[in-house]
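Start from chain A and add chain B according to the hints.
Residue numbers (my numbering), protein chains in the order written: chain A, 1 to 401; chain B, 1 to 401.
Simulated from the structure, these hints should not be mistaken for lab results.
Among the hints, a few may not be true.
A pair counts as met if it fits within one copy or between any two copies, since identical chains are not told apart.
Claimed, not checked - The calculated lysine to any residue pairs, modelled on SDA-like cross-linking and capped at a C-alpha distance of 20 Å, are:
#  : residue 1 : residue 2
1  : Lys-114   : Pro-30
2  : Lys-28    : Asp-282
3  : Lys-113   : Asn-313
4  : Lys-28    : Gly-285
5  : Lys-36    : Leu-61
6  : Lys-28    : Met-247
7  : Lys-28    : Arg-143
8  : Lys-28    : Asp-286
9  : Lys-28    : Phe-323
10 : Lys-296   : Gly-10
11 : Lys-296   : Gly-285
12 : Lys-28    : Arg-250
2 protein chains.
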Amino acid sequence: MTHIAILGFGVVGSGVAEVLQAASDAGKAPAAVAVKRILDLRDFPESPFGSLVTHDFGDILGDREISVVVEAMGGIHPAYEFTKAALEAGKSVVTSNKQVVAAHGPELLELAKKHGVRYLFEASVGGGIPVIHPLTHDFTANRITRIDGILNGTTNFMLTRMLTAAIDFSAALKEAQANGFAEADPTADVEGHDAARKIVILAALAFGKLLSPENISCRGITKITVQDSRTAAAFGCALKLIAHAEMIGRRVLCTVEPRLVPGEHPLSHIDGVFNGVLVNGDQVGDVMFYGQGAGKLPTASAVAADVVEAAVNPAPTAFDPVFTAAGEADYADPQAAENAFCFSFAAADADRQKIAAVLGDCRMLTLPGRVAAISGEMTRRDAEKTAAAIGLPLLSLYPLL
Amino acid sequence: MTHIAILGFGVVGSGVAEVLQAASDAGKAPAAVAVKRILDLRDFPESPFGSLVTHDFGDILGDREISVVVEAMGGIHPAYEFTKAALEAGKSVVTSNKQVVAAHGPELLELAKKHGVRYLFEASVGGGIPVIHPLTHDFTANRITRIDGILNGTTNFMLTRMLTAAIDFSAALKEAQANGFAEADPTADVEGHDAARKIVILAALAFGKLLSPENISCRGITKITVQDSRTAAAFGCALKLIAHAEMIGRRVLCTVEPRLVPGEHPLSHIDGVFNGVLVNGDQVGDVMFYGQGAGKLPTASAVAADVVEAAVNPAPTAFDPVFTAAGEADYADPQAAENAFCFSFAAADADRQKIAAVLGDCRMLTLPGRVAAISGEMTRRDAEKTAAAIGLPLLSLYPLL
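Bound-form chain A, shown alone:
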């Protein structure tokens, strides 16, 4: 029997207790796991786990029987300090807390190794969808060439609704909030910060360098209009918030931004609150993972699997990821990344020649109030220069995937 503690009895923490209980009742998992203590500021007299609650982290840290700690507090402080203390006390730590992983992953992995325990965070990216294990285990013989993901369900729900119901950003946000898919303060979702934290973690696993999510090029969905969605659809594309990672030379490029995803690309069909991650490996080619990227039980399912993994294999394994914090020289210049671009100008049919004169042979469409054109591959820097050279009022500029 492996005794565990859960830090934070909110949505994820209570989900983990429930999922582990259900698995235990069904004799499902290959290791017996029991929740011994739960840390929270509140009491939960109604919960079947209520009697396990403590308000003192010391009760958990000092309990030698507890060998695995689930950190489900969210936020960086005191989650980071508690994680550090647990690892130093020789306890494995399992988390869904992408903020802590994205900010302190290298140090915590190092600490786990030093103390002969595990630091596992499958649930930090893609909720219940296995993404981290495939990257570290299944693609171990591959050089990863690129990762593209729809990593935020809230914004994907909103973009899906903006297209299918022809509603604007603020109406879509209200719907997302009414459905419980968006928080009262939706900044982290709609500005792309949540996706940024996730893509830097995936890039660290693939490329060995953890970029700071604050330092990557990140644009959210707040400026997307219904007309932008329709323009994408008119080109047979879906407008999606895409988190992207690749190596450019010896540097790592991570970006989060809305992109036109062509209909034949598997990410174009990921709708609603679902997430999808497409990984390209030099041997395996394109592999995509799809599922619920958030939510109590899907996230708890991934945390529970990591808890069982830590119970079955309490000591570090050769598959455990190793990455270091990126220095300034590890960041690729996002302005130098090449893509096809979709330009939309406030213009009419008569202006098409002006656009063609600069862009050359390209796909062009006239839509109400705008002319849109898809260019060949160019850098973002050149795309911006090109837009200026055309001289028409630019409504939007999106790279293609």
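For chain B alone, kept in the frame of chain A given last:
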């Protein structure tokens, strides 16, 4: 350094040697692996691995330095006997050979356990797509409720071409053969036998019972007409060869048959030679895995990952699958499984009333030479009775997914 041998230097075997070499050159995998011997009837004087070839399995079996054997021979004999001998000699065995797993998996897993080694077969289903590890590891805290997969790339390529190019079965087969996607004798693919072997393996991992692929309900794609594809499309569906598994009571249902997949279902967009597997777990919900289900390097990528796993963890782990051969009482009756059905009759608009009189309120379309209707949920037995009761000539009957 882990020394391995490869049995069979065909497409997969040579791919494994190449992928492992590439990973080793790049310092990619967490364990150093070297190919020491290759068993084949032929010689390969041109290959960089040519000097490793032996024609005598005894050279491998008797070599105590070789701790992992890759079985890439295909077919059941002598692949099964060699696998058994290797396990009994204390060597882990890694394979992509679904025929051997589907026929002898329980015995070989038991034997591996007994001799303290591994029997790993991630590549036997879905080529390079991780499916088996997610089922055994990532969903360990879930009860799997159902599995639906497009598990055969050849037939999916053909069905995609039949719809998009409006060509018939035999023309699509010729195209598949010309592109190297179908073998000279395509029976195992087009009759569904290949998909049947794969779904019984997935069902065994999910439900603990290995059904015999010969004893499950299996219909291939040979009778599908261009009109059937068009009928599906007219209902907003794709016609796909779907391998399905679920528990009905305490019995396991596995079927392989063409089904109408609604456009909002993620499997409906899996086109060409790609595979997709949708797993539903009671906690995680729907998760889909997508990628190249066959081909030299994708398959070799999965084999290589298992080789590294066996090198890193040479002894059995608590996650290793356990399943037993199914008895007669473990098979669910496919005639009793409930689905919505798409009926197509050789009929005209005037016959619609006849159909509605029996099917009641249903979606109905008149297409050239046929009237098609989608029923509510019923058993296959009732669907066949219903078709007879309507009394019009039945052109085709497909369940929906």
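Against the structure, the hints come out as follows:
1. Lys-114 <-> Pro-30: Intra 27 Å, inter 18 Å, cutoff 20 Å: inter-copy only.
2. Lys-28 <-> Asp-282: Cα proximity of Lys-28 and Asp-282: across copies only (12 Å, versus 35 Å in one copy).
3. Lys-113 <-> Asn-313: both (13 Å within a copy, 17 Å between copies)
4. Lys-28 <-> Gly-285: between (33 Å within a copy, 16 Å between copies)
5. Lys-36 <-> Leu-61: within (12 Å within a copy, 49 Å between copies)
6. Lys-28 <-> Met-247: Classified as between; 15 Å across copies, 40 Å inside a copy.
7. Lys-28 <-> Arg-143: Cα proximity of Lys-28 and Arg-143: across copies only (7 Å, versus 34 Å in one copy).
8. Lys-28 <-> Asp-286: Between copies, since 19 Å is at most 20 Å while 32 Å is not.
9. Lys-28 <-> Phe-323: Between. Shortest inter-copy distance 13 Å satisfies the 20 Å Cα cut-off; intra-copy 33 Å does not.
10. Lys-296 <-> Gly-10: For Lys-296 and Gly-10, the Cα distance is within 20 Å only inside one copy (9 Å; across copies 47 Å).
11. Lys-296 <-> Gly-285: between (32 Å within a copy, 11 Å between copies)
12. Lys-28 <-> Arg-250: between (44 Å within a copy, 16 Å between copies)
Of the hints listed earlier, there is not a single one the structure fails to meet.
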